[in-house]
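Colleague: Now for the letters of each chain:
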Amino acid sequence: MPDTPEQPIVNQVARLARIHLDEQQLKSSGEKLEQILSFVSQLEQVELPEDVIPFFGAIESVNAIRDDQLQTSVPREKILDNAPESDGEFYLVPPVFKQTDS
Amino acid sequence: MTLSALNADIIVDQLNAGEITATDCVQHFLERIETHNSDLNAFISVSDKALEQAEAIDNRRKAGESLGCLAGLPIAIKDGICVAGQPTTAGSKMLEKFSAPYDATIVERLKSAGAIVIGKTNMDEFAMGSSTENSYFGSTNNPWATDRVPGGSSGGSAACVAGRLAPVAIGSDTGGSIRQPASFCGITGLKPTYGRVSRYGLIAFASSLDQIGPMTRTAKESALLMSVIAGFDPRDSTSSKEQVSDSLASLEIPLKGIRIGVCRDHLNEGLHLEVKTKINDAISVFKQLGANIEEIELPHTKSAVAAYYIIAPCEASSNLARYDGVRYTFRAQANDLEEMYRNTRGQGFGDEVKQRIMLGTYALSSGYYEAYYLKASKVRRMIKQDYDEAFQKVDLILGPTTPTPAFKLGQHTQDPLAMYLADIFTVSANLAGIPAISVPVEPSSTGLPIGLQLQGRAFEENILLRAAHQFQNETPWHTTSPSEPWRTQS
Chain A
1 MPDTPEQPIV NQVARLARIH LDEQQLKSSG EKLEQILSFV SQLEQVELPE DVIPFFGAIE
61 SVNAIRDDQL QTSVPREKIL DNAPESDGEF YLVPPVFKQT DS
Chain B
1001 MTLSALNADI IVDQLNAGEI TATDCVQHFL ERIETHNSDL NAFISVSDKA LEQAEAIDNR
1061 RKAGESLGCL AGLPIAIKDG ICVAGQPTTA GSKMLEKFSA PYDATIVERL KSAGAIVIGK
1121 TNMDEFAMGS STENSYFGST NNPWATDRVP GGSSGGSAAC VAGRLAPVAI GSDTGGSIRQ
1181 PASFCGITGL KPTYGRVSRY GLIAFASSLD QIGPMTRTAK ESALLMSVIA GFDPRDSTSS
1241 KEQVSDSLAS LEIPLKGIRI GVCRDHLNEG LHLEVKTKIN DAISVFKQLG ANIEEIELPH
1301 TKSAVAAYYI IAPCEASSNL ARYDGVRYTF RAQANDLEEM YRNTRGQGFG DEVKQRIMLG
1361 TYALSSGYYE AYYLKASKVR RMIKQDYDEA FQKVDLILGP TTPTPAFKLG QHTQDPLAMY
1421 LADIFTVSAN LAGIPAISVP VEPSSTGLPI GLQLQGRAFE ENILLRAAHQ FQNETPWHTT
1481 SPSEPWRTQS
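Here the protein sequences come in this chain order: A and B.
So the first sequence is numbered by this note's numbering: it starts at 1 and just counts up by one.
So the second sequence is numbered by this note's numbering: it starts at 1001 and just counts up by one.
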């Protein structure tokens, strides 16, 4: 297992996860990560056959494909009712690009 | 006998016989919620349409219409499952104002069968927890001892059935979230095989592990609910087309000759002494019922909690990426898009959810994938193989649901590992995808419920329910209810 994460890595993980954490929360998160990673490091001790195939899904079922036919779905206005901000047709979000004077 | 003392199958019989009306029944449970929810905090919201729906059922019955097999039965639904037009919060500030735009498939099926949703139950935020203390809406209290947790994450569903605020409830189980609270609250809880019950409309936590199931007093009631909710759903691509057998019809088939495996490792180290004693007593009951008890080994299950706490957070970090302030009601103030994402997630998620997203993001990030996620998924394969081999020898596997009875509120909130170990006997079934049920055995000397877990082969819920039902024919533990007013234990 890799070493436990240093604080700059914790900061980077918070950035990757798009979660704002203040200094105190970052420190506490780093400590808890260390504790949990230390616990899961026991997986290192598990001896595995060389050819073991990872198991990602609980049931290895076949792909589910349906006919490509138009079906009714939930009306758009019902979905947009839960939007923090919309114009009735699209979701509205804050500016994606920073505005410049030029 | 008051309505709240009756099991769901009896309530349905009385409704069908015209001895009671759906309106009286719904009114009775709404009144119990009104009186007792302030003590238990089992419900996050109560339906304002339930009485209207009950009247409609009564009118249809009077008109001689043919009704579904649950017509008029009140039911509580975990708040991570969508009920159209009702608040569906998943226990999170992020979804505090979210109103489900559609019914989950299981809700659609329950409503078609005539069940009436009376409310949405409390849960750990996004189902991440083992005590319901991670809810944005406050903890739920265990009706057997209100200073104790009800378990989690489906703690509200377990507490409301144990406290008779609803006859039956629905929960979801990602690592034990139906069975562990069922055990702590002295009720019956079934996690079906992965794919047996549609997950459409269940707010996703870890998609390869999540499964919806019934939480009831008896195995017979669970069989009744499974007869409605189980089966293929084209809207859930992971739901199975495997035929659903009639669990209700097979409940009384004698257990004589059934082979039950016991893993001695699970009955030794770290187990609360009374849990061990009561589980051994239960083994004797199964012997009397004609079961052959055999020793089995599940050598890799000792690594199950470690594998689970990599796999589940990895899946969660991906599933919860959708909560970014664009689509789901909550948005924090920000000057640009990136800041909006970070502030929304920083303010909208609780501590445990943020921690698990951090863990999952770390484990999946460049350079760590092989050491964590891939390794855990290989261990998961070994756990599945252990079960495959065990089920060559036996039909069921028996053990405790949890290592201890319900712990005190606040006891593990500062120690995530102690909390995670409450799932030590339950996570393996999720990793392997197999069905498992928790049923109450004799309580501890201080009156706290203890749960017995039976695990079975994939898609053999009928055998689990049959064994649980016949155990309940021989024992009284599922018939007891906590005394009112609720007591504290300390």
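Rather than coming from a laboratory, the hints here were simulated on the basis of the structure.
Take the hints with a grain of salt, since some may be wrong.
[To be verified] Using C-beta positions, here's what the derived DEER-type ranges look like: (1) A:Glu34 to B:Gln1347: 39 to 49 Å; (2) B:Asn1059 to A:Asp87: 40 to 50 Å; (3) B:Ser1318 to A:Thr100: 28 to 38 Å; (4) A:Ile53 to B:Thr1488: 45 to 55 Å; (5) B:Pro1299 to A:Phe97: 54 to 64 Å; (6) B:Lys1097 to A:Thr100: 52 to 62 Å; (7) A:Glu89 to B:Gly1270: 51 to 61 Å; (8) B:Tyr1369 to A:Lys27: 17 to 27 Å; (9) B:Glu1370 to A:Ile79: 31 to 41 Å; (10) A:Pro49 to B:Lys1393: 28 to 38 Å; (11) B:Lys1393 to A:Lys27: 43 to 53 Å; (12) B:Asp1039 to A:Thr100: 55 to 65 Å; (13) A:Ile79 to B:Asp1039: 51 to 61 Å.
[As the list claims (entries may be wrong)] Reference excerpt, derived from the structure (chain A facing chain B, CB under 10 Å, subset only): (14) Gln7; (15) Ile19; (16) Ser41; (17) Gln42; (18) Leu43; (19) Ile53; (20) Leu70; (21) Lys78; (22) Leu80; (23) Gly88; (24) Pro94; (25) Val96.
Backbone N, C-alpha and C fix where the C-beta goes; we use that ideal spot for every residue, glycine too.
Colleague: For each hint, tell me whether it holds in the structure or not.
Modeller: Consistency of the hints with the structure:
1. A:Glu34 to B:Gln1347: 39 to 49 Å: Given range 39 to 49 Å: violated, Cβ gap about 25 Å.
2. B:Asn1059 to A:Asp87: 40 to 50 Å: Cβ of Asn1059 of chain B to Cβ of Asp87 of chain A: about 42 Å, so the range 40 to 50 Å holds.
3. B:Ser1318 to A:Thr100: 28 to 38 Å: 35 Å, holds
4. A:Ile53 to B:Thr1488: 45 to 55 Å: 51 Å, holds
5. B:Pro1299 to A:Phe97: 54 to 64 Å: 56 Å, holds
6. B:Lys1097 to A:Thr100: 52 to 62 Å: Since Lys1097 of chain B and Thr100 of chain A have Cβ atoms about 35 Å apart, the given range 52 to 62 Å is violated.
7. A:Glu89 to B:Gly1270: 51 to 61 Å: Given about 58 Å between the Cβ atoms, the range holds.
8. B:Tyr1369 to A:Lys27: 17 to 27 Å: 26 Å, holds
9. B:Glu1370 to A:Ile79: 31 to 41 Å: 39 Å, holds
10. A:Pro49 to B:Lys1393: 28 to 38 Å: Once the Cβ atoms are compared, 21 Å apart, the range 28 to 38 Å for Lys1393 of chain B and Pro49 of chain A is violated.
11. B:Lys1393 to A:Lys27: 43 to 53 Å: 50 Å, holds
12. B:Asp1039 to A:Thr100: 55 to 65 Å: Roughly 59 Å apart at Cβ, these two residues keep to the hinted range, so it holds.
13. A:Ile79 to B:Asp1039: 51 to 61 Å: 37 Å, violated
14. Gln7: 13 Å, violated
15. Ile19: This hint holds: Ile19 of chain A lies near chain B, its Cβ roughly 5 Å from the closest one there, short of 10 Å.
16. Ser41: Cβ of Ser41 of chain A sits 8 Å from chain B, so the hint holds.
17. Gln42: Interface hint status for Gln42 of chain A: holds (5 Å vs cutoff 10 Å).
18. Leu43: This interface hint holds because 5 Å falls under the 10 Å limit.
19. Ile53: Check passed: Cβ of Ile53 of chain A comes within 6 Å of chain B, closer than 10 Å.
20. Leu70: With a closest approach of 15 Å, the Leu70 of chain A hint is violated.
21. Lys78: Hint holds; Lys78 of chain A Cβ to chain B Cβ min 4 Å, cut 10 Å.
22. Leu80: 9 Å, holds
23. Gly88: Given a least distance of 15 Å, the restraint on Gly88 of chain A is violated.
24. Pro94: 5 Å, holds
25. Val96: Val96 of chain A check passes; min Cβ-Cβ to chain B is 5 Å, inside 10 Å.
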